[in-house]
Amino acid sequence: MIQPDKDSKNGVQSLEIGLSVARVLVNSQGPMMLKDIALQADMPPAKAHRYLVSLIRAGMVIQDPATSHYDLGPFALNIGLAAVNRIDRIRLGLEAISRLRNQINETTALAVWSANGPVIVRWERPRRPITVNVVTGVSVELLNSASGLVFSAWLPERRTSALIQAELARQPADAPIQTMADVQQRLAEIREKGIVAIGEHYFAGGVQALGAPVFNFRNEITMVMVVVGIVGMSDLGEDSMAMHALREAAQALSRQLGSTQPDAQASRLNHIDAIPGG
Numbered sequence: 012m013i014q015p016d017k018d019s020k021n022g023v024q025s026l027e028i029g030l031s032v033a034r035v036l037v038n039s040q041g042p043m044m045l046k047d048i049a050l051q052a053d054m055p056p057a058k059a060h061r062y063l064v065s066l067i068r069a070g071m072v073i074q075d076p077a078t079s080h081y082d083l084g085p086f087a088l089n090i091g092l093a094a095v096n097r098i099d100r101i102r103l104g105l106e107a108i109s110r111l112r113n114q115i116n117e118t119t120a121l122a123v124w125s126a127n128g129p130v131i132v133r134w135e136r137p138r139r140p141i142t143v144n145v146v147t148g149v150s151v152e153l154l155n156s157a158s159g160l161v162f163s164a165w166l167p168e169r170r171t172s173a174l175i176q177a178e179l180a181r182q183p184a185d186a187p188i189q190t191m192a193d194v195q196q197r198l199a200e201i202r203e204k205g206i207v208a209i210g211e212h213y214f215a216g217g218v219q220a221l222g223a224p225v226f227n228f229r230n231e232i233t234m235v236m237v238v239v240g241i242v243g244m245s246d247l248g249e250d251s252m253a254m255h256a257l258r259e260a261a262q263a264l265s266r267q268l269g270s271t272q273p274d275a276q277a278s279r280l281n282h283i284d285a286i287p288g289g
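The numbering used here runs 11 ahead of the 1-based position in the sequence shown.
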């Protein structure tokens, strides 16, 4: 019978240090110089170099012979792709909105992107006598829904411009957004705050909502978490407990999906993974 290693719970310190060096490259935006890697790994350059040599031998790191800069190697890519293949983003999203519902006792929902705009794929009912029922499987508009505004703020314009133009053409006279200039101003405000709150001019009367983006391992928006409540009954203000809980839940889910963004307040990203029906 194999006896357990007495030191198994202690781990291998040298491996942990080596992976901390690799983690610096994972979090970087591209190839790095030795001195910069050492600085971010909080170790002398000579020590960082020794670990980089071992990481190169293992295929985790490569070094450009022309510049001497270091970057992630083919084995690191294989690990990343294998991890991504094991992630079920929708399942994780459904678990996240369920936990959030339990935390704030408000209706929560999960939206993904489709060819026709955002689609609500699931909602969770709170434990209270009067609630908001969210219709699943139906596309919602971009300018008068929380999920639509969030997707519009972080998707590239080529993915949203046609839908936005069509919505502008049928906006009511009292709507606050009437022109593309109005749209750009509103979306810039959302990106600055990293989250959206909408009450007036929501597509459903007497209803208010919050929305926060969820990013994937490429730091691209992939889903939106939504909180929905009744005006006058739910506190969904910009400094409410629900707002803070939603922000934290969306950031935690983004980290689960491999995002390395520090928070949602980032510039417009370049792509989203669309799934059939979502």
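Simulated from the structure, these hints should not be mistaken for laboratory data. Among the hints, a few may not be true.
Beta-carbon label-pair distances, calculated as ranges [what the hints assert, rightly or not]:
1) M191 <-> I101: 28 to 34 Å
2) N113 <-> A199: 43 to 49 Å
3) D185 <-> T147: 51 to 57 Å
4) M252 <-> A57: 45 to 51 Å
5) G243 <-> L26: 52 to 58 Å
6) A186 <-> A69: 46 to 52 Å
7) P167 <-> T78: 42 to 48 Å
8) D193 <-> T78: 28 to 34 Å
9) D250 <-> I28: 38 to 44 Å
10) Q40 <-> D185: 40 to 46 Å
11) M191 <-> H60: 48 to 54 Å
12) D47 <-> Q24: 21 to 27 Å
13) G248 <-> R181: 41 to 47 Å
Since this is a predicted model, take the numbers as computed values, not measurements. Cβ coordinates follow ideal geometry from the N, Cα and C atoms, glycine included.
Here's how the hints hold up against the structure:
1. Distance hint check: the CB atoms of M191 and I101 are about 33 Å apart, consistent with the given range 28 to 34 Å.
2. Our hint of 43 to 49 Å for N113 and A199 is violated, since their Cβ atoms are close to 34 Å apart.
3. Distance hint for D185 and T147: a CB-CB separation of about 30 Å, inconsistent with the stated range 51 to 57 Å.
4. Distance hint check: the CB atoms of M252 and A57 are about 50 Å apart, consistent with the given range 45 to 51 Å.
5. The beta-carbon spacing between G243 and L26, approximately 57 Å, falls within the hinted interval of 52 to 58 Å.
6. Judged by the Cβ atoms, the range 46 to 52 Å given for A186 and A69 is violated: they are separated by roughly 58 Å.
7. At about 31 Å, the CB distance of P167 to T78 disagrees with the hint of 42 to 48 Å.
8. Take D193 and T78: their Cβ atoms lie about 46 Å apart, and the range 28 to 34 Å is violated.
9. The given range of 38 to 44 Å is respected by D250 and I28, whose C-beta atoms sit roughly 42 Å from each other.
10. Between Q40 and D185 the C-beta distance comes to about 44 Å, which sits within the given range of 40 to 46 Å.
11. Take M191 and H60: their Cβ atoms lie about 52 Å apart, and the range 48 to 54 Å holds.
12. Separation of D47 from Q24 is about 24 Å and conforms to the stated range, judged on CB atoms against 21 to 27 Å.
13. About 29 Å separates the C-beta atoms of G248 and R181, a value inconsistent with the hinted range of 41 to 47 Å.
Checked against the numbered hints listed earlier, the structure breaks hints 2, 3, 6, 7, 8, 13; every other hint is satisfied.
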